[in-house]
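According to our numbering, the residues represented by the sequence shown are 171 to 528, in order.
Take these hints with a grain of salt, some might be off.
[As the list claims (entries may be wrong)] Below, simulated DSS-like cross-link-like pairs (lysine-lysine); rule was C-alpha separation at most 27 Å, straight line:
no., residue 1, residue 2
1, 403, 419
2, 247, 519
3, 504, 520
4, 366, 493
5, 191, 285
6, 316, 343
Hints are computed from structural coordinates only; laboratory data are not their basis.
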Amino acid sequence: MSYNKSKVPEFRFLEFQGDWKEFKIGNILTIGSGRDYKHLEEGSIPVFGSGGLMTKVNDYLYDGETVCIGRKGTIDKPMYFNGKIWTVDTLFYTHSFHNSLPKFIYYLFLKINWKQHNEAGGVPSLSKSIIEKIQLVLPSLPEQQKIASFLTAIDTKIVLLNKKKSLLEQYKKGVMQQIFSQKIRFKDDNEEDFPKWEVKKLKQILTIGNGRDYRHLGEGDIPVFGTGGLMTKVDDYLYDGETVCIGRKGTIDRPMYFNGKIWTVDTLFYTHSFVDVLPKFVYILFLKINWKQHNEAGGVPSLSKSTIEQIYLSIPTLPEQTKISDFLFVIDNKINMIDKQLEFTKTYKKGLLQQLFV
Numbered sequence: 171m172s173y174n175k176s177k178v179p180e181f182r183f184l185e186f187q188g189d190w191k192e193f194k195i196g197n198i199l200t201i202g203s204g205r206d207y208k209h210l211e212e213g214s215i216p217v218f219g220s221g222g223l224m225t226k227v228n229d230y231l232y233d234g235e236t237v238c239i240g241r242k243g244t245i246d247k248p249m250y251f252n253g254k255i256w257t258v259d260t261l262f263y264t265h266s267f268h269n270s271l272p273k274f275i276y277y278l279f280l281k282i283n284w285k286q287h288n289e290a291g292g293v294p295s296l297s298k299s300i301i302e303k304i305q306l307v308l309p310s311l312p313e314q315q316k317i318a319s320f321l322t323a324i325d326t327k328i329v330l331l332n333k334k335k336s337l338l339e340q341y342k343k344g345v346m347q348q349i350f351s352q353k354i355r356f357k358d359d360n361e362e363d364f365p366k367w368e369v370k371k372l373k374q375i376l377t378i379g380n381g382r383d384y385r386h387l388g389e390g391d392i393p394v395f396g397t398g399g400l401m402t403k404v405d406d407y408l409y410d411g412e413t414v415c416i417g418r419k420g421t422i423d424r425p426m427y428f429n430g431k432i433w434t435v436d437t438l439f440y441t442h443s444f445v446d447v448l449p450k451f452v453y454i455l456f457l458k459i460n461w462k463q464h465n466e467a468g469g470v471p472s473l474s475k476s477t478i479e480q481i482y483l484s485i486p487t488l489p490e491q492t493k494i495s496d497f498l499f500v501i502d503n504k505i506n507m508i509d510k511q512l513e514f515t516k517t518y519k520k521g522l523l524q525q526l527f528v
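Assemble the whole structure, with the sequences as input and the hints as a guide.
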């Protein structure tokens, strides 16, 4: 790729030269309106609205490559599709492309600030006439193909990473069900069975600590967490060591494991002083608990110390906890690695969308 100025992108494949040309959307494609599908029977052809897949029917409105954009509701999530499709009246589809490739148009549509073209004060809306007047800058068809193929390869990688992550998450969920129903039991180092699990209240195995306000603290490198996740970083800590956090108010069903210096605000409990239990194993146990079942509020979900402390759990011996924790955290580490790859790939794609187009 090379760097260029004028009516060309920041980065460009070396084999292409010359300025890109401006076109109105209405001059390079035709916008089709969606229609009601309720007269149709069940089938294999997808029906899409601006919110995504709705159902499947036995007839199609269009067959081929198309780029869809919301007419009403979600107007900023363009969708590429190739095949037989039906769209309802909240979703436009496109066809009859001139001097443009559908896949390239899809990537251009991802760059458009559709909300800027919103015509309604309430539910976001777009009209054909507004869309048709939007100016786009296009290269030759071969260059469009090169760019579209390059970005499609990145999209394929994102899809594969998501699939890999989903499979690992399903595997972990299945294994956890087997472990905690004790259909799977680990052996000790001598290949002997571990002792039976003991039922205990949470208050017998740990202490629950309250979060506190952090606004009197200075800026630093110690993370401050609330139920929504990381909030800021400060120069002091509330607790130092392994802990499992659970929401007191708001998001109460997303336990978090942390090891190190930490500060939590008053919407997030932290745990400490563990007795005959490993913090990592407590985190795994917390993932199994239906926290919403223990919700004490009619409005914003809430938990109290006393309610949490009374929850009964089955606890194995420390050596078996270690085996279980080590096994499941290996899976977690693999999932986290895929998450990092996904984040990097999505950021890379976002940058390319800025640099490969005018």
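Structure-based check of all given hints:
1. 403 <-> 419: Holds: residue 403 and residue 419 sit about 21 Å apart, inside 27 Å.
2. 247 <-> 519: 16 Å, holds
3. 504 <-> 520: 24 Å, holds
4. 366 <-> 493: Judged against 27 Å, a Cα distance of about 15 Å means the pair holds.
5. 191 <-> 285: Status holds; Cα separation ~25 Å.
6. 316 <-> 343: 41 Å, violated
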